[in-house]
Amino acid sequence: MTMSLISLDSPGREVLLMGNEAIARGALEAGISVAAAYPGNPSSEIIGALADVANEMGIYVEWSVNEKVALEVAAAAAVSGLNAVVAMKQNGLNVASDFLLNLNLTGIRGGLVLVVCDDPAGISSTNEQDSRIFARLADLPLFEPSSFHEAKDIVRFAFEVSRKINNVCIVRSVTRISHARGNVALGPLPTTRPVPHFDTSKQLSSLPAIVSHPVAHERLKQAADLIESSPFNCYEGPETPELLVITCGSGWFFAREARDILGLGSQLGILKIGTTWPMPENLIRERLAKTQRVLILEEVDPVLENNVKEIFADFNASLPQISFYGKKSGTVPDSGELSPGLVLGIFSRLTGVALPSPEDGYRASASAALGEFSPMRSLAFCPGCPHRASFWAIKKALALDGRDGVLFGDIGCYGLGFLPTGFRQPKTLHAMGSGTGMASGFGMLSRFGATQPSLTVCGDSTFFHAAIPALVNAVHHRSDFLMIILDNSATAMTGFQPHPGSPRDAMGSEAPPVVIEEVCASLGVEPIVADPFDLNDAAATVYEQLQRPGTKILILRQECALVRGRKESRRERIRIDHEKCIGEECGCNRLCTRVFRCPGLKWNCSVSKAEIDEAICVGCGVCAQICPAGAFVKEGA
Amino acid sequence: MRKDPFNVVVTGVGGQGNVLASLLIGAVLVDRGFKVTIGETYGASQRGGSVMSHVRISRAHQYGPLIPPWSADLVIALEPTEAARVLGQFGNPGIVSVVNTRPIHPVDVISGDATYPDMDALLGKIRELSLEAYFVQATEKAMELGNPILANVVLIGVVAGAGLLPITAQDVEKAVTDYLSPHKVEINRRAFLIGMELVKGHERI
Amino acid sequence: MEDTHGLDELNQRVLQTGRCSSCGACVDKCPYLTVFHGKTVMLDRCTLDKGRCFTYCPQTYFDQEAAAGAIFGQPADPGPIGRVMAVKGSRAGDPGIASRGQGGGTVTALLITALQSGLIDAAVVTSQAPGESFSRGMVATAIPDIMSCCGSKYAGSHSLSALKVALERGYEKIGVVGVPCQVRAVRKMALYDLRNEGLKERISLVVGLFCNWAFSAREFHAFLAARFDLTAVTRFHIPPPPARVLEVETSDRVSTIPLDELRPVFQAACSECSDMTSEFADVSVGMYEGKAGWNTLITRTNTGRDLVERALSARNLLLEDFPEANLKHLEEASAAKKARTQGETLSGKV
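Residue numbers (our numbering), protein chains in the order written: chain A, 18 to 654; chain B, 1142 to 1346; chain C, 20 to 369.
Don't read these hints as lab results, they were simulated from the structure. The reader is advised that the hints may include incorrect statements.
What the hints assert, rightly or not - Residues from chain A shown here face chain C by an in silico Cβ test under 7 angstroms; the list is partial:
(1) 416
(2) 603
(3) 606
(4) 608
(5) 612
(6) 641
(7) 645
What you are looking at is a predicted structure, and each value in this text was computed from that prediction instead of being measured. Beta carbons are placed, not taken as given, at the ideal position from N, Cα and C, and that holds for glycine.
Bound conformation, chain A alone (with noise of 0.2 angstroms):
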């Protein structure tokens, strides 16, 4: 993490930045004072940078419990009139926005940005979602910067905005800038900071809500004249194109070079949108009186699309003819991301122009290399992941047990257990925490005749973030269910951040840990603690507690391998007799290449053998357990 730039007293130093610590930045010039998030990939980066530097620019930061809390925190400092950021994936949005739409009908004292970072494709998510949806149910406004440099600047703007209007501003950015790294030329920081303070003579509520909507309307209406100037809104191009192309966001990018590498300059405008709700109507007009084709690029939904749409549709009496490309039209997907082949494609097509396309071979020859050289790769535990040992036990329960157990999955690394690493033991992946309830809901169904047992994994960061009020109306209830907390000691997903159960908190200073044994306890149900790493042990466990009535909670508490790896190099070295490994043959069937799925195993095509990758295997040792010939052999670290 660069933590050292972020806070970098140097206005005019040109540093390499990531998107997110850009913003982390922007927010740093603007002056927070508080910031607040819930781990989300791609948004993690934002709070972990201004954690980094917390203790160094005096400012308060907090890895919150789940982010409708962090933005109830950061709403705090807004309502007492301080500047604070809080950040959050698209999913993590959904979370918080309940809280969301009363405060914007409060509007706030200070200034309050709201960071979402979308992932396009769902790369590291259960969902694709464009959140840029909230901005119009919110009534707030919307900015999406287009480069690293704007990433920064755009959220300073953020805050200029919010302090005019008194309520929130959203600025939305992708992976594809959120995670990427570009030149940025820091800016000065400022030198004092506001003393909190919450004016009472004045109350905050958004009732009745037939006055405080429109007030949001009219907060809304007020952004209008900083938008329609502000720069980062603007148009490269000829005057009168024969194609505008309409974009935002990372759009910017792949617009430009697929404009360059086609020679399109003389014939192509890009119109860049960084406000895209409110839209800066006036510019809009202007530049769709001087063409008759239009595409809207943008990431996910058609949102920029249908927002010119709605501009073309009120003026369109004063416009010519326009046929619109976009998402409707399907000229561009209606899900997945972005890329440069992807818009080059588009702009050939809708230009003419042709992809350049040389006569060598080289490209058929290399995509068929693809296939025969470059094997799949598919997600994996890593190696020494408790979550590996963890499924397996519950594997072999669930197989013991015979009622045909259903588990429903949550959010983590051990979400992954979907997959075959995880020996595809979940059934169910939804939202945080929403194991738990499922599987409480499942509990409940044996008055239907149901008989399969019901189970749940949930994560220790994850039991904080949500599975706590799940787990209070199973109790409640009295739901038929075993909840399997899978306690790694981490948020590991995300990049380790520490949740109410560490020692430590963003700022690393000690905090009292929240004991999830207790909590549970508090509920009146005393959970059983085991080491998944004992396979025999926890598989016996969660056999023993399926047999038992009522909501049951086993805690499998094994540290995660990065963790540990950070701490202490190997732990034993392992290897494997091929006297005694059996093998393909009848006995065995590869049971830990082809089951267990370690990377830390290699299978030895010339002599039919399992073998440890020495560069991979951490020594965890659970492989020596399942082997059925005993052909593993520890060796001391």
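Please build the complex by placing chains B and C on the supplied structure of chain A, with the hints as guidance.
Chains B and C only, in chain A's frame:
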């Protein structure tokens, strides 16, 4: 830099230090006054999946975070099948390939669902699809230094030693200090120098 | 050999269809099949096309002609009780052993003879210690072990899983005691020996038991547990017809349960078996109808005859002529079991 933009793909398997490698390269070049854009795909990919960093280097212009198809100039591969994967999407007759030859078997191969290609055939294919190819036993060198993850910096050393990018040992020290931690400067400097040394006895077309 | 298959097929054809007779031939040879609380459990998928599990399972197919050729040196006998060299009434010579047996202690006496004379170096038998919920296989190498296994176990026991243990421990002349399905499984092992474990050579003696059907272990255990303190149960007995009850002996009395009440816990697999007298064993032993304290003993092979002669000369065994009327009765009972399966034998069934 023989071309503007100069497009580099750093590729490997999640957990190999791919992101750090591209960051070090980018940091050095920004300090030298270049506009650098690095596009990554990571997150879940870290869990054993393929990772690619696209590094766009230009004197004048900030380019987008993804290289257009068939337009990379240099591929630095921490794993050989990942080199083939890059060449099949971003390669062209002028590309230079710097490849760590130690295989990392995907779980798909470990489990028997897929086969790992024959190494000679694979390296031969990479050579066929590149203008120049450097094959390096970077992991072995890194393990001699005590940690296989240093293979990434060994490869940067090879790239610098071959004159493919303007990077010196001092550059690496500064970048590690600014972007990583002062404690890690020495080991990374040594890995870099080992890489530079290797070029003197490298294998190429 | 007919086309053989692997675990997927075994699961589809036998485990999922209720045809498993709990013989124990397939379990614990690999990580994919085990016994748990009296049931054969598949723990995971095995992708092999051909495996010992399917090949040795008595419920997949049984090539009677191949088995008869290997065991008897002649074609299978189509008679109701299979190939017979002799049928006798029998009883252990030692009254102490006789009284501990279900009938006359014949099996115990034969095993002791076999061990003492060196015909076998270990026996795979079925054991259920007091307080244990389920019976299981055991490797017996000494007389006290044999004695501890006296008495019929009326439920499926997976006892053949102990054969793997005997082989691992290096025994070269193993005797196996089993019910008809277990006898078929053991004969398939010797015929096919998929992993070249020397099974034909190392299995020296097969003592078969008469069997009409067995209880399903897990359900039987639950049935009993609901009615008795299982730690106090000392003995089970199903008297010969016309009684049609199960006698449960506890420390203070004998309770009787009508077999009709127990019908729900019979093994479904047994309804498809047409072999009542273990037609492919070396010797077969069962109850002697109308004569408490004695067994019916059928000798079928030279190995069997040799063993019986040794037992006689060591005075471990007493023999009597077996009345014609009883033989006729036995044949009728056996024919009735075949008729239940509508004359279809397993070699053509699955």
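The hints, checked one at a time:
no.	hint	verdict
1	416	holds (5 angstroms)
2	603	holds (5 angstroms)
3	606	holds (5 angstroms)
4	608	holds (5 angstroms)
5	612	holds (6 angstroms)
6	641	violated (13 angstroms)
7	645	holds (5 angstroms)
Hint 6 from the list above is the single one not met by this structure.
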